[in-house]
Amino acid sequence: MIDFSQLDKTIHEKGRLAIMSLLAARAGWPFQDLKTELKMSDGNLITHLRTLIKIGYVAETREMKTRPQTSYALTKEGRKAFETYIGLLEDIVRSSRG
Amino acid sequence: MSNSAHEAAEQLRAIRALMERSTIYRAISAPAAAFAGVLSLAVSAWMWLHRDPQEAPRPVVFLLIWLGVLLVVSTVNTVLLYRHAKQRGEVFVSSGMKHALRALLPPLLAGFILSLLEVNQAGVAGRNSHTNIAALWLLFYGLALLATGSFSPRSMQALGAGFFAFGVLTFLPSVREIGGQQFPVAVIFMATGFGLLHLIYAAAVWIQTRQESTSDGA
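Protein sequences appear in the order of chains A and B.
Just so you know, we're using this note's numbering here: the first sequence kicks off at 941 and counts up by one.
Just so you know, we're using this note's numbering here: the second sequence kicks off at 194 and counts up by one.
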């Protein structure tokens, strides 16, 4: 029986799941756009991003445009972990339908 | 459905909504398109009543009238997009909107500048250039909508393709020959494009939304 205990705990947290979902949909999100889209405080967003970077799911890119800009994208490992997470959720739904 | 399956389904729905919201952006709401269609038909009808060469507005007036229509429709569209975003608890100036504006503005600006040049030429040469202005507006509006293709819903891409195809058609000499007089032809072009195509788009989106809400509720 598949259950929630098998899900990746790092991704399963609500804030981090939202970040992963956006990064999976489109690569290269500037910090400000992520903040606006998710309506998170700077501190909260930074904490979640650091956790995801530390585990190797998210990569950070710093660019010097008219002003310094930091963008975030999923790593190969992060994408794989996200797909596994989605696959498990689908399995849970499927198994309940028998 | 068990609790965990229900929770998993909810989770999947939330992820899907979030991903769609960040990748798909509808720059023209269906009610705004319906309003644009009705207003364009009304303006076209008024112009049709004044199609007599003595009564027909000069090209510069023709351009200003349609610019007025564009400003009114853009304002209504902005208000509707703002209300929609607030109702859904989303941000108004989202990354989707920024992307849409970046894609829409260059073709719209190019079309506007070319139509200004056309009006200027008309003034110099005393030429009747209503059809060229209408054709430029149709073509560049279509190009603007097509430029949003990578993140707009299919219905908007279809609207863009419709305007683009019709815009190209309006430049064909054989089509111009059928029309004869310039001003009435330009009015028909605007009524068909900005009137009818917008109404078809609004109806298609409305039907699609109804079908989606019915299947969600089932």
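Hints listed in this document are in silico derivations from the structure and should not be mistaken for laboratory results.
All C-beta atoms in this analysis are idealised placements derived from N, C-alpha and C, irrespective of residue type, glycine included.
One thing to keep in mind: the hints can contain errors.
To be verified - Result set (DSS-like, lysine-lysine): computed pairs, CA atoms no more than 30 Å apart in a straight line:
#1 A/Lys949 - A/Lys1005
#2 B/Lys279 - A/Lys954
#3 A/Lys1005 - A/Lys979
#4 A/Lys949 - A/Lys1020
#5 A/Lys975 - A/Lys1005
#6 A/Lys1020 - A/Lys994
#7 A/Lys994 - A/Lys979
#8 A/Lys949 - A/Lys975
#9 B/Lys291 - A/Lys975
#10 A/Lys994 - A/Lys1005
#11 A/Lys979 - A/Lys954
#12 B/Lys291 - A/Lys954
#13 A/Lys994 - A/Lys949
#14 A/Lys979 - B/Lys291
#15 A/Lys1020 - A/Lys975
#16 B/Lys279 - A/Lys1016
#17 A/Lys949 - A/Lys1016
#18 A/Lys975 - B/Lys279
#19 A/Lys979 - A/Lys1016
#20 B/Lys279 - A/Lys994
#21 B/Lys291 - B/Lys279
#22 A/Lys994 - A/Lys954
#23 A/Lys1016 - A/Lys975
#24 A/Lys1020 - B/Lys279
Stated by the list, open to error - Which stretches of chain B does chain A cover? Using the computed rule of at least three CB atoms under 8 Å from a CB of chain A, they are:
#25 200-206
#26 275-287
Consistency of the hints with the structure:
no., hint, in the structure
1, A/Lys949 - A/Lys1005, "violated (36 Å)"
2, B/Lys279 - A/Lys954, "holds (22 Å)"
3, A/Lys1005 - A/Lys979, "holds (24 Å)"
4, A/Lys949 - A/Lys1020, "holds (15 Å)"
5, A/Lys975 - A/Lys1005, "holds (19 Å)"
6, A/Lys1020 - A/Lys994, "holds (16 Å)"
7, A/Lys994 - A/Lys979, "holds (23 Å)"
8, A/Lys949 - A/Lys975, "holds (22 Å)"
9, B/Lys291 - A/Lys975, "holds (15 Å)"
10, A/Lys994 - A/Lys1005, "holds (26 Å)"
11, A/Lys979 - A/Lys954, "holds (13 Å)"
12, B/Lys291 - A/Lys954, "holds (26 Å)"
13, A/Lys994 - A/Lys949, "holds (14 Å)"
14, A/Lys979 - B/Lys291, "holds (17 Å)"
15, A/Lys1020 - A/Lys975, "holds (24 Å)"
16, B/Lys279 - A/Lys1016, "violated (35 Å)"
17, A/Lys949 - A/Lys1016, "holds (18 Å)"
18, A/Lys975 - B/Lys279, "holds (17 Å)"
19, A/Lys979 - A/Lys1016, "holds (26 Å)"
20, B/Lys279 - A/Lys994, "violated (35 Å)"
21, B/Lys291 - B/Lys279, "holds (17 Å)"
22, A/Lys994 - A/Lys954, "holds (18 Å)"
23, A/Lys1016 - A/Lys975, "holds (23 Å)"
24, A/Lys1020 - B/Lys279, "violated (34 Å)"
25, 200-206, "holds (count 5)"
26, 275-287, "holds (count 3)"
Violated hints, listed in ascending order, are 1, 16, 20, 24; each of the other numbered hints is respected by the structure.
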